[in-house]
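*Asks:* So you can see what is in the structure, the chains are spelled out below.
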Amino acid sequence: MPIKKVDQLEEGDILASDIGNNQGVVLVKAGVAVTASHVKLLKQWGVLSVQIAEGGPGAAPEVRPEHRERAASQLKSRFGDSLAGQVMARIFETAVEICAERLASEEQYA
Amino acid sequence: MNTASADRLRELAGNMRKLPPLPSVYIRVVELMRNPRTSAEDLAKVVVNDQVIAAKLLQILNSSFYSFRQRITTLPRAITVIGFHGLRDLILTISAVRVVRPWSAGRSFDDRSFWAHAVGCAACARVVAGASGAVDPEEAFTAALLHDIGKVALYWFLRDEFVAVAWKAQDANQPLYEAENREFEFNHADLGSLLAQRWKLPDELSDSISFHHMPGMAQHKKITAAVHVADVLSHAMALGGGANERVPPLDNAAWESLSIEPESIEQVMRHSVEECEKAKEFLAILNN
Chain A
445 MPIKKVDQLE EGDILASDIG NNQGVVLVKA GVAVTASHVK LLKQWGVLSV QIAEGGPGAA
505 PEVRPEHRER AASQLKSRFG DSLAGQVMAR IFETAVEICA ERLASEEQYA
Chain B
556 MNTASADRLR ELAGNMRKLP PLPSVYIRVV ELMRNPRTSA EDLAKVVVND QVIAAKLLQI
616 LNSSFYSFRQ RITTLPRAIT VIGFHGLRDL ILTISAVRVV RPWSAGRSFD DRSFWAHAVG
676 CAACARVVAG ASGAVDPEEA FTAALLHDIG KVALYWFLRD EFVAVAWKAQ DANQPLYEAE
736 NREFEFNHAD LGSLLAQRWK LPDELSDSIS FHHMPGMAQH KKITAAVHVA DVLSHAMALG
796 GGANERVPPL DNAAWESLSI EPESIEQVMR HSVEECEKAK EFLAILNN
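Quick mapping for you: the protein sequence lines, in order, are chains A and B. Going by this note's numbering, the letters in the first sequence line up with residues 445 to 554, in that order. Going by this note's numbering, the letters in the second sequence line up with residues 556 to 843, in that order.
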């Protein structure tokens, strides 16, 4: 995986690993497409270089049915009986999709 | 509530008086704002007396969180851009973080997760308020950032019991406030309410801290509804953390009061994820 200086990052570069600060807090997660605000945040925490994914900017990981199934199973238990009504059903569906995208990206950049 | 619990809450209310007040710069700004003849220069003269707050204020306004086209380099200019209420809310946020941080010292309180959830919820509240059009997004951001401040007070006063209840809630897959109600017959929102009184916070912020689980009880219903919905959304997405925490139930009347179309939910949630990334910069400035 190529390593880039934070100064040379381009918008859309995909991070290949979680970037943490010196207290162990994850600032930006693996698989995230870099934006100007990420670059500013990384500089602020004194991060000098990061590992980026091959394949160039914007290469989004593929979300497969098993990612959605895992996401739905995790979220069903956290929603419990709060999952009632049309609005919560939509919130649940979107949360599943967002969580599945995170799982796919974690898998791709693990 | 039984007598013992009522006595305990009364005792906690008494103990609140022993907690430090907010910095004098906040108190002075609030006083000056009551006078209609106060100018941006008058407020700037007060703010400049607290160099830490003044520096953080300018740093935050020049961060990507605000994305102003031009750099803001002076306090009078900052106040003109964000307005008196915006100034008050930013000073309150910076001050509150500074004051409560030492209370959560100790290994049994996950300070990082607490603030990560606060920022996730604040990012959602900013987006929800914008989508609704009925609430000022910056005010919603501040209210949401402070909505759970009672947890830190509860930890400060009832450390071991609070930690035990937090574990119980997680094991039983129960929202924390329900577990607190079962154990204490009051919850972190009640402690937040006492702290808001101690600090004489503006009514709309005090309401959203006190009633974010029961938005129907608030007098300032719209902002409390925005914080309530943001709390549900940020838990649903585990935005900023809280992946082991139960998603609280949604109050449908609060949702409806915001007039957000159900078709917009996906857009609101995805936009909140982006806002949360920007808000991390905001938190980094507060923490430094």
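If you're looking for bench data, these hints aren't it; they were derived computationally from the structure. For glycine and all other residues, C-beta sits at the position ideal for the given N, C-alpha and C. One or more of the hints may lead you astray.
Residues from chain A that face chain B, not an exhaustive set, calculated with beta carbons under 7 Å [as the list claims (entries may be wrong)]: (1) Ile447; (2) Val450; (3) Ser481; (4) Lys487; (5) Val491; (6) Leu492; (7) Arg534; (8) Ala539; (9) Gln552.
*Asks:* Indicate, hint by hint, whether the structure satisfies it.
*Replies:* Here is what the structure says about each hint:
1. Ile447: violated (22 Å)
2. Val450: For Val450 of chain A, the interface hint is violated, since the closest Cβ of chain B sits about 14 Å away, which is over 7 Å.
3. Ser481: Cβ of Ser481 of chain A sits 4 Å from chain B, so the hint holds.
4. Lys487: The hint is violated - Lys487 of chain A has no Cβ within 7 Å of chain B, the shortest such distance being about 10 Å.
5. Val491: Result: violated, 11 Å to nearest chain B Cβ.
6. Leu492: violated (16 Å)
7. Arg534: Status holds, d = 5 Å.
8. Ala539: holds (4 Å)
9. Gln552: violated (18 Å)
Violated hints for the displayed structure, listed by number in ascending order: 1, 2, 4, 5, 6 and 9.
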